[in-house]
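2 protein chains.
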Amino acid sequence: MTQEQYRPRARLPRGFRDRTASEIATERQMLDTIRRVYESYGFEALETPALEYADALGKFLPDQDRPNEGVFSFQDDDEQWVSLRYDLTAPLARYVAENFQNLPKPFRRYQTGTVWRNEKPGPGRFREFIQFDADTVGSASPSADAELLMMLSDTYEALGLKRGDYLIKLNSRKLLDGVLEIAEVDATRRGTVLRAIDKFDRLGARGVEALLGAGRKDDSGDFTKGADLSANAISRVLAFVTSEQAQDSNEALSALGDAIRGSAVGEEGLANLRAILGLAEKSGYGPDRIRLDTGIVRGLDYYTGPVFEAQLTFPVTNEAGETIVFGSVGSGGRYDDLVARFTGQRVPASGVSIGVSRLLTALKTRSTADAFAANPLVVVLVLDKAEAASSFAMARDLREAGFRVEAYTGEAGMKAQFKYADRRNAAVAIIEGSDERARGEVMVKDLVLGAELAKSVEGRAAWVKDRPAQAAVPRDQLITYLRNLFEVRGGE
Amino acid sequence: MTQEQYRPRARLPRGFRDRTASEIATERQMLDTIRRVYESYGFEALETPALEYADALGKFLPDQDRPNEGVFSFQDDDEQWVSLRYDLTAPLARYVAENFQNLPKPFRRYQTGTVWRNEKPGPGRFREFIQFDADTVGSASPSADAELLMMLSDTYEALGLKRGDYLIKLNSRKLLDGVLEIAEVDATRRGTVLRAIDKFDRLGARGVEALLGAGRKDDSGDFTKGADLSANAISRVLAFVTSEQAQDSNEALSALGDAIRGSAVGEEGLANLRAILGLAEKSGYGPDRIRLDTGIVRGLDYYTGPVFEAQLTFPVTNEAGETIVFGSVGSGGRYDDLVARFTGQRVPASGVSIGVSRLLTALKTRSTADAFAANPLVVVLVLDKAEAASSFAMARDLREAGFRVEAYTGEAGMKAQFKYADRRNAAVAIIEGSDERARGEVMVKDLVLGAELAKSVEGRAAWVKDRPAQAAVPRDQLITYLRNLFEVRGGE
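If you read the sequences in order, they're chains A and B. Sequential numbering of the first sequence, starting at 1, is according to my numbering. Sequential numbering of the second sequence, starting at 1, is according to my numbering.
Honestly, the hints are just simulated from the structure, not real lab data. Since we're looking at a predicted model, the values are computed, not measured. Don't take every hint at face value.
As the list makes no split between identical chains, a pair holds if one copy fits it or if it spans any two.
[Said to hold, decoys possible] In silico SDA-like links for lysine to any residue, alpha-carbon gap of 25 Å or less:
#	residue 1	residue 2
1	LYS364	THR112
2	LYS105	LYS385
3	LYS59	ASP77
4	LYS445	PHE418
5	LYS364	GLY113
6	LYS419	ARG437
7	LYS225	ARG195
8	LYS105	LYS364
9	LYS59	ARG14
10	LYS415	ALA140
11	LYS120	GLN75
12	LYS385	GLY284
13	LYS282	ASN425
14	LYS364	ARG35
15	LYS59	PRO13
16	LYS415	ASN102
17	LYS120	SER73
18	LYS282	ALA140
19	LYS120	ALA54
20	LYS415	GLN101
21	LYS59	PHE16
22	LYS59	ASP219
23	LYS105	ARG36
24	LYS385	LEU103
25	LYS59	ASP293
Input sequences plus hints: build the corresponding full structure.
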């Protein structure tokens, strides 16, 4: 087979997809809104490259048991491994370490961009997606964490979510560390205990209790061996997991205080959460927006203290029309050791990340707004090729008057040109035949009305009465005519 | 060395760089402007992934002698080679081939995005940059090409370039093919002839004539062997290259007509150029914007007819302060065979691409506008950590009133907080000490005025008279006070 004969198949690798105008426009509005909120808080934009040295990014992907998995990597000319970024936090740590002396502290930046994951794709699970992050680097103060949570809340509301549509849940790694310390859970039993805690939602307190003790036999008779903790240790861990059921955050904090009492790291985590929740509440961000939830763990290894996750409270319908439990639409936490990887010097940092593509999917089901609806398209047909310049000039005049307009640039005849205008969802087609040109007129065909007429016989009389589907319009009155037409339509 | 002890160096691979707020804001304005123009012409957005199968992208990089060079590639799980896109045209061809049946024809899309080149980086030459493309697929009509040229012209003017600051130069591959055909240049001598043509700007007609004939001895005495063309062939090629020197495009077209007379492909190319230039001229885009230039070749192999390139006519200063010849800030052409790679079916297509990062560099030297200047930053200091919530509430109120404002989230004292506000180029710092709070006041410190005072003793009296650098303001009048302050500043 020669080079010329070989025909590659036109297809994308799995987990990647093309996106078209309406989705892109909606996403752009979303990005603009998030950016506006972040900038209003004084966060400043930073952009880092898509490619970084693999060792600079490190391996901080959630759920990665195998090294080198999850990241797209290759060797550069100088044999060094280079990777596509899998998030925006690892590049930030590299940037801060590289420029530490010259940055204001705290350094507060936002970044939006594409990230890539070399993972098994699935329905709704892509290997390329957009994140929107904000981070405060160089402050260990709970006010840095509280500000991020409040800003996240403002962002969701700016995006059109109502109070109660979303909840931002806060926990601390240190609480879990504290209760495991006080319950004297050693490294060998840590995994068993964490898995038991994770099953609280499904099995309830009795089920977890069994898994923390001797073990649990499920309905099918299968036996899961337990962690064999002491009675005291079990009661501490149970106090921790059941604190979720408290009436309010004060009661929850108090239950957690009992669970971690005597553990320095636990007490520290609790004091920190109290400070964050207190700041938020005093600023008007109460538990209807930001609340404690010990069920929030977050997969990332690098978190050192507070972790948070935003969830939607309303049912989301997937493409198959099924109601699904929609996971996190934003998350983050404190990661005090990430810059120290490079410098050896601990730099406290906290950040939040919005999964833009996921949030867009979720919001689609709530919003009927089409970003393009406000900007109707005008197509100027070209019937006489020798007069194409006249169509172009007309398109230019209309464009300068603010319309979105194209002159037909293909090679087909009138019938195909009308079909084309329909395919493009044009609102109006303009025809300038030689007769019209001689009279200084153009023919304006209302394609939306035409479609309505074709659909509805009933409405025909009323429609036709005032606005014929096709009208001869003096060329020097075309702009006024179209403005009136679109204004009427806007009010329909 | 254990995992914990290993410290990677914080650095980027060569040819990549981080970008900060002011550059990002300027670039965003530029992208928004280009998008507005393209959309006003009815082009619709498309986004394809950064990664594609290597065989789907093909190898269409300019100046690539070695296969597999120029592109970042790696093997996917299924052993297939995957590449980072090196332009936006190859992915478009893949998209069109994959979705041909469902697209309106002509299909007119724009796309902006990052592309990557695995090339040797140099000063101002990066391996990651942004392109902004528009293409019309499915039309062989010269009106498709003419529209792209006119839209490109509109785009430069929307970006602030004046008529005469830029020139869009048009040529056709078919002219060159025609003259080589008529001059009976065989494949073995084609390279020698093209190199000779390329030297016209440097050596003039006599030099090129020598190189087309027996050869040329340069000033140092070195002899370059020539192409040994016949006298008739030489005169044809010379007529081609010297057509550039014509007074106007009619004269140039006529000279070119002489050069390619008798070659079908040459005549076709010339007729096509006449049609494009005629359409543009009749639409008001004359040779002060769009003109013929046989010196435009474009490196890409895939062009089949018209090729165009936009150049700046004013001197550009580089970072070292030197005046440089700034190359193309936009280019494109017709590529009728790119979709046929997949389908075997020829699909005429024409496109234009703006090198956004390059254009941004060039425009920087023309523009003094700082995108951030209009949006001053307010920093609310936090003197008493127990009262941080009060600072947050004040920041929130100001934000709701439209200011860009942050409450300090770090852990340092007052002096360091003032330093921080300076580092952030804040316009104003707001201090609420316990005394002020008791009186229901805040202290507003004008940092811009403060900086002015520190610089200029002369202006001091006038400044201080009406606007002290620091003022106690009742908290309920803070918004009005800041509005007045920034309004006065805006008028300075």
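Checked hints:
{"no.": "1", "hint": "LYS364 <-> THR112", "verdict": "both (20 Å within a copy, 23 Å between copies)"}
{"no.": "2", "hint": "LYS105 <-> LYS385", "verdict": "between (64 Å within a copy, 17 Å between copies)"}
{"no.": "3", "hint": "LYS59 <-> ASP77", "verdict": "both (22 Å within a copy, 19 Å between copies)"}
{"no.": "4", "hint": "LYS445 <-> PHE418", "verdict": "within (10 Å within a copy, 64 Å between copies)"}
{"no.": "5", "hint": "LYS364 <-> GLY113", "verdict": "both (21 Å within a copy, 24 Å between copies)"}
{"no.": "6", "hint": "LYS419 <-> ARG437", "verdict": "within (23 Å within a copy, 70 Å between copies)"}
{"no.": "7", "hint": "LYS225 <-> ARG195", "verdict": "within (12 Å within a copy, 79 Å between copies)"}
{"no.": "8", "hint": "LYS105 <-> LYS364", "verdict": "neither (38 Å within a copy, 29 Å between copies)"}
{"no.": "9", "hint": "LYS59 <-> ARG14", "verdict": "both (23 Å within a copy, 22 Å between copies)"}
{"no.": "10", "hint": "LYS415 <-> ALA140", "verdict": "between (68 Å within a copy, 19 Å between copies)"}
{"no.": "11", "hint": "LYS120 <-> GLN75", "verdict": "both (22 Å within a copy, 15 Å between copies)"}
{"no.": "12", "hint": "LYS385 <-> GLY284", "verdict": "between (66 Å within a copy, 18 Å between copies)"}
{"no.": "13", "hint": "LYS282 <-> ASN425", "verdict": "neither (51 Å within a copy, 29 Å between copies)"}
{"no.": "14", "hint": "LYS364 <-> ARG35", "verdict": "both (20 Å within a copy, 24 Å between copies)"}
{"no.": "15", "hint": "LYS59 <-> PRO13", "verdict": "both (24 Å within a copy, 18 Å between copies)"}
{"no.": "16", "hint": "LYS415 <-> ASN102", "verdict": "between (64 Å within a copy, 18 Å between copies)"}
{"no.": "17", "hint": "LYS120 <-> SER73", "verdict": "both (16 Å within a copy, 19 Å between copies)"}
{"no.": "18", "hint": "LYS282 <-> ALA140", "verdict": "within (20 Å within a copy, 66 Å between copies)"}
{"no.": "19", "hint": "LYS120 <-> ALA54", "verdict": "both (20 Å within a copy, 20 Å between copies)"}
{"no.": "20", "hint": "LYS415 <-> GLN101", "verdict": "between (67 Å within a copy, 18 Å between copies)"}
{"no.": "21", "hint": "LYS59 <-> PHE16", "verdict": "both (23 Å within a copy, 21 Å between copies)"}
{"no.": "22", "hint": "LYS59 <-> ASP219", "verdict": "neither (39 Å within a copy, 60 Å between copies)"}
{"no.": "23", "hint": "LYS105 <-> ARG36", "verdict": "within (22 Å within a copy, 38 Å between copies)"}
{"no.": "24", "hint": "LYS385 <-> LEU103", "verdict": "between (61 Å within a copy, 23 Å between copies)"}
{"no.": "25", "hint": "LYS59 <-> ASP293", "verdict": "neither (27 Å within a copy, 53 Å between copies)"}
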